[in-house]
Amino acid sequence: MTDSPQDDLIVADAPIEALADKGPTAPPRSKWKDVWDQFRKHKGAMTGAFFFLLITLGVLLGPFLWTLDAQKLDIRAKDMRPIYTALWSPDARVGWAHPLGSDQLGRDNLAQLIAGGRASMAVGWTAMLLSLAIGTGMGVSAGFFRKLDGPLMRLTDLFLSLPILPLLLVAVTLFRQPLRANFGPEGGMFILIVTIIGITSWMPTARIVRGDVLALKEREFVLAARSIGTRPFKIIWRHLLPNVLSPIMVSATLGLATAIITESALSFLGVGFPSDFPTWGKMLADAVARMEDFPERVVLPGIAISLTVLGVNYIGDGLRDALDPRIRGR
Amino acid sequence: MLTFAVRRLVLSIPTLLFISFVIFMLLQLAPGDPMSQVPLTVPPEVKEKMRQALGMGEPALVQYWKWLVQVFWTEPKIFIDWLTRDSTLLGWLPDTALYHDELRVISWQTRSPVMDIVLQRIPQTLWVVGLSYIVGILIALPIGVYSAYRQYSVFDQAGTFITMVGFSIPPFFTGPLLIVLFSVYLGWFPSIYDTTHVVNDWDSFTVQLRQMVMPVMVLALQTTAQLSRYMRASMLDNLGQDYVRTARAKGLSEAMVVMVHVLRNSMIPVVTVIALGVPAIFGGAIITENVFKVNGIGQLLLTALFANDLPMVMTLTFIFAFLIVLFNLIADVLYGLLDPRIRYD
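Chains W and A are the protein sequences, given in the same order. Take 1 as the starting number for the first sequence in UniProt numbering and just add one per residue. Take 1 as the starting number for the second sequence in UniProt numbering and just add one per residue.
One chain only, chain A, in its complex shape:
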């Protein structure tokens, strides 16, 4: 198991390097010019200097190397410095002071380090998308279990239909639909997510709750649709197994059989599916964040793309790819840990 994990970990490094190289080369082909917004009165030689200052004069491979150094060497140093200086966990350690004003990955839009902006946006995304994932899981698992236990019942048919609908209706339709229904006609929830809202007492907490309901429900519908189908299929696979008959034959209660014996075995593939979905949380729901005006990671990527902010796009896409690779690995390891029948060696 350990050798498998280590081997996968080592293998994922060239994978990530290759992915980052592909993304970088793709972005090199971008036709846009960051100088296109600069007034025409600026002479060409000044423009050339400005381009140099953005790091654009070098050959592509040199640029790629510099990006690699900035992301894998400079940023970790800043992170370690932060850990030993400001964090509560390791703040008691002496200040490491590794960072000496090296150039960081700078956004072309805002001229501030990309990582700082990402860190500003992460909480909104995690709150909305992460919460919707948890809500989705909490709804999906019971639905999946019960509709498998009562296969072909009315509940199962209705559940299958609803998951099919959740599967098929895209979030850019459910989002506006909910806004028309609940913000325009009923006026229950605000249509725009206010990220500047500060929670400090009960009233502000309810305001926060109300503005989170709609985006969370739109995203949770998608999660629920996918997960409950997996849960149902997995439960159905296990309910027909011999060990279930044995458990019933030795006189265990039905609740014990289903909730302990079958559920535990059915959870194995479902847990890995849940793990595989986690990168999508950090990736932010680009469309849903756009509909409800949540200024999270997905919205950041979209605005960076439209503004031709290549360092931002590059770093964000790489972070997404990194998370996907990481959680693929975690899912594989989890599968081996949860299911002793799986042998990787």
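Looking at chain W on its own, in the form it has when it is part of the complex:
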């Protein structure tokens, strides 16, 4: 057996390799890449995100593809059935001009669904952002400034013990007229609904954020920041807010889902947007009276609401798992 050069190498290299300072083998990964990888593993969250994106895109781009006006009355083409009804009842009134049928005033259902989705999504997103802003502001100030903690948390408890849906109904019926007079029927209603949902749904976010800030502000990096003379607002902006982003994102998804449902519920009870302005809840409410003959008018907006909310809730579920470092990487 001859001494091969490789054998020599291994013998010579072994101790040196053990001593060698091993750098990380994989390239560095950011936190958000990890989060995304974990999120991608959650099948429900991915499906939910897919449907949510689909509906959002459809609602945003729909008016450019389906240019029919949602509020245009065409009484000759009223009470059309969706095109798929022709499959089982050949004598149903169907037509490609109205693929999802039309309502009792001849308004196109597809155009109404798109327009209604725009309204519901706009209300949902704005109300969610508003309630997040209030909740985060309250939570951070209560957690960071000790003097504010007591009063702000009492205020949160107070808001938590308010009966929300009755108060929503009260406020909407009370302030409808003045706001309509000032901002027009649609704009006024939009402002009213968004504000009311916003100021009645910030409490859970505030509580979670406060708890996290209370724990975070005792940590060393905040002490370090304070010791080099960082101002309180800079500390909050630069060191605390990025660290409480995860719970805020999770409560954002919950907030979006509840805001969409609340808006639809208000429309359903007849205190939402004006009657010629389509929203999903209003379409559903208007159709309930004749749902024996035209079940699709109840089912289509209902499915739209449910799919959106289901998608958002699943995204929230996936986000919660993905943002939890104890679960991530398993």
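For the record, the hints were derived by calculation from the structure and aren't laboratory data. There could be a bad hint or two in this list.
Computed Cβ-Cβ distance ranges for the label pairs, DEER-style [said to hold, decoys possible]: (1) PRO232/W <-> LEU89/A: 58 to 68 Å; (2) GLY106/W <-> ARG51/A: 51 to 61 Å; (3) LEU61/W <-> TYR152/A: 29 to 39 Å; (4) TYR152/A <-> LEU148/W: 42 to 52 Å; (5) LEU126/A <-> LYS147/W: 36 to 46 Å; (6) PHE64/W <-> VAL207/A: 49 to 59 Å; (7) ASP149/W <-> LYS77/A: 37 to 47 Å; (8) GLU254/A <-> LEU53/W: 37 to 47 Å.
Residues from chain A shown here face chain W by an in silico Cβ test under 10 Å; the list is partial [unchecked claim]: (9) THR160; (10) SER168; (11) PRO170; (12) GLY175; (13) ILE179; (14) VAL184; (15) TYR185; (16) ALA255; (17) VAL257; (18) LEU305; (19) ASN308; (20) ILE319; (21) LEU323.
Using N, Cα and C, we set each Cβ at its ideal position, and we do this for glycine too.
Use these hints to put chain A onto chain W, whose structure you have.
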């Protein structure tokens, strides 16, 4: 524990006063006028007198004070009178006769005392919403326990999906959907809840049962979705604990371990969640009652709102707020009673 309960009880009084004040001031801003339905031929000075008769001429603070007196002084007197006069429990006591025709909170719609109307509506709400809560709890707890015990199994996945769906589908969609399916196409259940129906024999009982099925199921779906998620999470927290391993190691049967050791500990947070949900029963499910035409409390609030009946709205909202505060307190006390590790002092 007792000091904690007493302190919370005392603290809840200013809270309630403040809430009632906020609601009252909110309602003061209401643009509607109860005289708007009165014909135009009625001269303005008569209208002004009618307004005075409704108690609207006084400044807002005086009105608020009068409302407080009516709710916290006059109504309890009537209640005590009723207790000692007509109730079976305390009817043997001599009649207290505390009430001497003071003005009660009067509804602007019906001109009858608000409390009487509320008492008429409460049974319907309690039957439908209360029963749905119980049904929801009875379905949710086993689902939560089993899906936590077999985590990631098919049952767990399906259970999670169903609770997610129950979470996401609003009652104003499930309600009409069930009506189309079961009353229109199948004809099994009536679509409208008939509150005048009297149960006096087996047949009328089955009729009552059939008309309750749909509203109860719609509401129970929501309760089930929320509670089973809590139950599952709580069970999962406890199943990984050391005491579970100890219990298994000392040879207890699996049923004993899960149903006694783990379940009892997992029930602590779930019981408080159940307690926190009780005010919603009395609040009535506004939407579901509206869909199935149950004339309960929620429907009463809705009609009062649309009719601009401010005393009714005020009193009802305050009753809801009172119940929420009360059950928050009960939940906190229950938590301390059930879990000896919690110390409030």
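Structure-based check of all given hints:
1. PRO232/W <-> LEU89/A: 58 to 68 Å: holds, 60 Å
2. GLY106/W <-> ARG51/A: 51 to 61 Å: violated, 46 Å
3. LEU61/W <-> TYR152/A: 29 to 39 Å: Roughly 38 Å apart at Cβ, these two residues keep to the hinted range, so it holds.
4. TYR152/A <-> LEU148/W: 42 to 52 Å: holds, 44 Å
5. LEU126/A <-> LYS147/W: 36 to 46 Å: holds, 45 Å
6. PHE64/W <-> VAL207/A: 49 to 59 Å: For PHE64/W and VAL207/A the Cβ distance comes to about 54 Å; the hint holds.
7. ASP149/W <-> LYS77/A: 37 to 47 Å: holds, 42 Å
8. GLU254/A <-> LEU53/W: 37 to 47 Å: Holds, since GLU254/A and LEU53/W (Cβ atoms, about 44 Å apart) stay within the stated range.
9. THR160: Holds - the Cβ of THR160/A comes within 10 Å of chain W, reaching about 8 Å at its closest.
10. SER168: holds, 4 Å
11. PRO170: This hint holds: PRO170/A lies near chain W, its Cβ roughly 5 Å from the closest one there, short of 10 Å.
12. GLY175: holds, 9 Å
13. ILE179: Holds: closest Cβ of chain W sits about 7 Å from ILE179/A, inside 10 Å.
14. VAL184: holds, 5 Å
15. TYR185: Holds, because the Cβ-Cβ distance from TYR185/A to chain W comes to roughly 9 Å (cut-off 10 Å).
16. ALA255: violated, 30 Å
17. VAL257: violated, 25 Å
18. LEU305: Since the shortest Cβ distance to chain W is 5 Å, the answer is holds.
19. ASN308: holds, 8 Å
20. ILE319: holds, 9 Å
21. LEU323: holds, 8 Å
In this structure, the earlier hints numbered 2, 16 and 17 are contradicted, and the remaining ones agree with it.
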